[in-house]
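Produce the entire structure from the sequences given, and follow the hints as far as they go.
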Amino acid sequence: MEKELREYTVLTHAEYEEGIKEGKLLGLRCASCERITCHPMPVCQWCGGRSLERTELSGEGELTTFTVIRVPPEGFEDDVPYIPCLVKTKEGPCVVGRLDYDAERASQVLISKQVKMSGAYTHKGDKFSGGTHTCPVFVVVE
Amino acid sequence: MRDVAIIGIGHTKFGRATKMSHELFSDATLQAMDDAGVGLKDIEALFQGAALPGFEEGQVMPAAFSAADLNLGPIPATRCEGACASASVAIRDAAMWVGAGEYDMVIAGGVEKALSMGTSYASRTFAMACHAPTEGPVGLTFPGVFAMAARLYSRNYDIPLDTLREKMASVSVKNHRHGALNPLAQFYKKLGDLKVEDVINSKFVADPITLLDCCPFSDGASALVLCAAEKARKYTDEPIYILGMGQGSGGPLSKMEDLTKPVSRISSAKTAFKQAGLSPEDIDMLEVHDCFTIAELIALESMGFFNWGEAADATADGQTEIGGKIPVNMSGGLIGKGHPIGATGASQVYWVVKQMRGEAPEGNQIDPVPEYGMTDTLGGDFGTLCHIILGRSKRKK
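The listed protein sequences derive, respectively, from chains A and B.
To get our numbering, take the position in the first sequence, counting from 1, and add 231.
To get our numbering, take the position in the second sequence, counting from 1, and add 4.
Worth double-checking, as some hints may not be accurate.
Within a straight-line C-alpha distance of at most 27 Å, the following computed DSSO-like cross-link-like pairs (lysine-lysine) qualify [what the hints assert, rightly or not]:
hint	chain 1	residue 1	chain 2	residue 2
1	A	321	B	274
2	A	319	B	259
3	B	329	B	199
4	B	329	B	274
5	A	255	B	259
6	B	259	A	321
7	A	255	A	355
8	B	193	B	207
9	B	398	B	329
10	B	45	B	235
11	A	355	B	398
12	A	347	A	319
13	A	319	B	265
14	B	23	B	193
15	B	265	A	344
16	B	329	B	400
17	A	347	B	259
18	B	259	A	344
19	A	321	A	255
20	A	252	B	259
Label pairs and their in silico Cβ distance ranges [as the list claims (entries may be wrong)]:
hint	chain 1	residue 1	chain 2	residue 2	range
21	B	20	A	308	17 to 25 Å
22	A	287	B	286	46 to 54 Å
23	A	363	B	62	20 to 28 Å
24	B	6	A	265	43 to 51 Å
25	A	244	B	162	35 to 43 Å
26	A	236	B	312	44 to 52 Å
27	B	317	A	245	44 to 52 Å
28	B	79	A	236	34 to 42 Å
29	A	362	B	58	47 to 55 Å
Keep in mind that the hints were calculated from the coordinates and are not lab data.
Every residue, glycine too, gets a C-beta built ideally from N, C-alpha and C.
Take a look at the structure:
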């Protein structure tokens, strides 16, 4: 019976989001390949390994790409313009978040800049989202 | 596996529809059945692509109600969902069942009423095909995802963003040129003489993607009659054969190695080519998933029609027009024809079949008629990819 009830989640998504709210980017270190998985998955995102333990990432990385949203989905009207971004962390995995930067000045030269996690953005959610959700916010390291 | 043929095709007018989804799908299905000359009793199963019917009309389980609306009896009717690739997933599954010998004749197609939702709500529900836990709170949209891909493409291939935007615009110009000639297209007789500057100067949706870099929200349906190839000539002198199919899955954006080289698409296209025993050089025409201008470029490279980073120049040079290396989206594509997401894969197959029959609208018809054609359909931010290779003659054994 115990075997049937086994759960494989070492770090839940809720715990990952709680970490972001506390200024920590949490991930998982794989015992097999030693690489880091972030956001959390039940298996290593690189090798599929099952022996994972919690770790904290530095929150530092490089801006892979971004955009400035001008036409928002319902529920994001008050945020416009805002900047979704993709960051390659120093530890390896990529993370999607918001970039805290003047949207009217955001240009192609930002790509490949060093960034670091500076906080959290929590969206209030809607009747489809299963509650509120939180993503990391990054700033450019000048 | 047995060979499978398409013996009938149907397609509603794309744009804004007053009819409900089940009515649109029934219209397309009855057109396809009339085209094939088959009756209700010949249909053994129904596969329906529908991405967001619960949000559009409060309808879950639409496939069963479509079968009922058509009086098809208690046959199995299954909704297939892969966001914007839903209909291609439906066609692939349907063809597998026929190929496996379970059924001789089935309906496969799709339907959507996205335009009726309005931009704000439609953008919200479309964004549900992004990864909800990580991309949801960010407020990412599909124009946003492809805007991010465009910036990365510019960076990867060292093409200045302003130059890339001009080349991207040439996709919109080409596809609107052909959409304007297509009577079933959302932009029929509209935007046919669009200029590159018009695309660049239209308003930003998500920098650097402008409104005219985007396909529209659309209502519409398309359906096909699939039949075991060995029986196809009983119904038509011109069956079109399904020679190869592929399907691939991706994941959250953050787990992708490179947004401009989606592994899901590369893998799906390879599977389809392998099954067909063909390579890109053999293909005479394409209908690819140009949800945004940059998306067409990424599709062409991922499928192997151009080297990485070369589709932008090739498109601007006219290599994807009639008379070029490979005509792409002569129906108008999603940009010119419209994109009722659950129907799009079936619509792409419909227009390949029309080309192969020599029945494409004047100005869009490729001459001589294509021997081999291929569709490419993308769902979500590279989450579901499907490819279907069609031919005028059976697969060589």
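Which of the numbered hints above does this structure break? 1, 11 and 29
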